[in-house]
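Same order as they appear, the protein sequences are chains A and B.
Everything in the first sequence is counted per our numbering, starting at 38 for the first residue and increasing by one.
Everything in the second sequence is counted per our numbering, starting at 589 for the first residue and increasing by one.
Honestly, the hints are just simulated from the structure, not real lab data.
Glycine included, each C-beta is placed from N, C-alpha and C at the ideal position.
Hints should not be assumed to be uniformly reliable.
Covered by chain A, according to a simulated footprint, are these stretches of chain B (three or more residues, beta-carbon under 8 Å) [unchecked claim]:
no., region
1, 659 to 673
2, 766 to 776
3, 785 to 791
4, 794 to 801
Where chain A lies over chain B, by a calculated footprint (3+ residues, C-beta under 8 Å) [said to hold, decoys possible]:
no., region
5, 617 to 623
6, 809 to 821
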Amino acid sequence: MFPAIANPSVSPDADKPRFGEKDIMRRSASEVTPPATRLTEVAKLIDVTKCIGCKACQAACLEWNNLTEEIGFNHGVYTNPMDLTPDTFTLMRFTEWVNPETENLEWLIRKDGCMHCEDPGCLKACPSPGAIVQYSNGIVDFQHENCIGCGYCIKGCPFNIPRISKVDHTAYKCTLCSDRVAVGQGPACQKACPTQAIVFGTKQEMKDWAEFRITDLKSRGFDKAGLYDPQGVGGTHVMYVLHHADTPSIYAGLPDNPRISPIVETWKGVTKYVGLAVMGFAAAAGFLHYVVAGPNKVGEEDEENAEKLVEGKAPPPPADPTQPEGRV
Amino acid sequence: MSAIDPHAHGHAHMPDHAHLPDDVEPGDGVRPGHPVQVSRYTLAARINHWITAISLVLLALSGMALFTPKLFFLTGLFGGGQWTRAIHPWIGVVLFFSFFILFVRFWRANLPAREDGTWLARISDVLGGHEERLPEIGKYNAGQKFVFWSMSGLIIVLIGSGIVMWDQYFYPFTTIEQKRIAILVHAVAAVCIICVWIIHVYAAIWVKGTFSAMTRGEVTGGWAWRHHRKWLRELVGKPKEPRAPAE
Chain A
38 MFPAIANPSV SPDADKPRFG EKDIMRRSAS EVTPPATRLT EVAKLIDVTK CIGCKACQAA
98 CLEWNNLTEE IGFNHGVYTN PMDLTPDTFT LMRFTEWVNP ETENLEWLIR KDGCMHCEDP
158 GCLKACPSPG AIVQYSNGIV DFQHENCIGC GYCIKGCPFN IPRISKVDHT AYKCTLCSDR
218 VAVGQGPACQ KACPTQAIVF GTKQEMKDWA EFRITDLKSR GFDKAGLYDP QGVGGTHVMY
278 VLHHADTPSI YAGLPDNPRI SPIVETWKGV TKYVGLAVMG FAAAAGFLHY VVAGPNKVGE
338 EDEENAEKLV EGKAPPPPAD PTQPEGRV
Chain B
589 MSAIDPHAHG HAHMPDHAHL PDDVEPGDGV RPGHPVQVSR YTLAARINHW ITAISLVLLA
649 LSGMALFTPK LFFLTGLFGG GQWTRAIHPW IGVVLFFSFF ILFVRFWRAN LPAREDGTWL
709 ARISDVLGGH EERLPEIGKY NAGQKFVFWS MSGLIIVLIG SGIVMWDQYF YPFTTIEQKR
769 IAILVHAVAA VCIICVWIIH VYAAIWVKGT FSAMTRGEVT GGWAWRHHRK WLRELVGKPK
829 EPRAPAE
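The following block holds chain A by itself, in its conformation from the complex (with noise of 0.2 Å):
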């Protein structure tokens, strides 16, 4: 049992925010000094192999977050809605997966949402200057002010996560609940998780609760099980148990190896600082040519010969091989 974070505190104090702008680490389309200091790093631990796809969380995610769902279709699938959505920042996706070990049925439940990369692609393609803020504690916000619904996180992000309203097309997706954070409370998700699935804490609290998760597990059979904090993207803000470490896809495409893509990183990279150079190169050939050449001007005779041609006295075209009467 990893110990319940305790209620909110009543005293006045209380509720003064722990962390904010002073804390941003990154921000979107800008330069910014990292604070000298950094937050403990915090961190959820969804514990894959404890869910029982109650959909607690989704409930709880859609109640904190005063959201309203589209009443959708039974696709004949636990999985629903079939897909996040600008309402949805967290989803029970479930997967039959048979064990070709044991050919047992095994059940996989993966509550997808936001991991809070260490490296977030989103923010690193977001055009927008503080659309997409990064705490020095790892939490990965988006800031509706400043989104302009360009959908470029989506191409940044290595998870598939954020997605653009239709109605103020900004981007959204789980903030983690950094007001509830913020205020020394865990996540929605976390408050509402009846098997402790869902844990919060540090970093390292979730890291060490993880190994302790792990080694029973492994105690049980599951020996491939292991924690799941993706190294190509720094590690992440949450992170999984799950029984089968070394195939992550198994869990409805979770990816083995995520990373920001190479052609996002070439294109927010390298053709940026080229493009403005051959951009600005161009425009600086065309100013020193015109200082060397100088102007290309119609003279007196180009204006004499043509008035001598339209009254029939102009010389003939040369006979040059290089231009003959008819066209190629």
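Based on the hints, put chain B in the right spot on chain A.
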């Protein structure tokens, strides 16, 4: 030659002579005087050109605003980031159709001609302004043809990749990986087209007397003699076309 020339049959007033000037477009004509005035672009062609030009400039400004944070302030010209994001693709649609009409107008005169090779081989004389060392040129020289075909190709690439990344209407039709490729292609093609645009505008600034072609539609005879002598000879040699009743 004319018997197998596929372009020849399109001309309503085909002269008897086998030499058929493809470069002469409807509306081109010579008006004697001091100086001689040469009609180069019809009013419709000029309006068409300027709609395309304004679209291209607005697209470059709004596109560069989203391309690099250093230029994000340009979104202010369009009423903020949300407006820039929303309006950029629609300007692209205007550009595409406007340029398409321009393409239909100009493609024939931009087909390669034999003198283009010589012109390109003597590019240093071109840049030096030594027109006397260059062959006589039709309505467009190889540089202008390069601009025309580059613009045509790049606009196809840009509208194609642009639709793939136009999430508001086309999000479900492609994968995220395809959208990533489209964004990179779009950015590279945009850089290229801006460079082509710089060449185009610079040439018009450098070669004096050019600008009036796209404002009043006319150039002086001397300009045509200096830069497009073959076209001018064709115009002068053209038999008087009977005016159609509709005109």
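Each hint tested on the structure:
no., hint, in the structure
1, 659 to 673, "holds (count 7)"
2, 766 to 776, "holds (count 7)"
3, 785 to 791, "holds (count 3)"
4, 794 to 801, "holds (count 4)"
5, 617 to 623, "holds (count 4)"
6, 809 to 821, "holds (count 10)"
Hint compliance for this structure: every hint is met.
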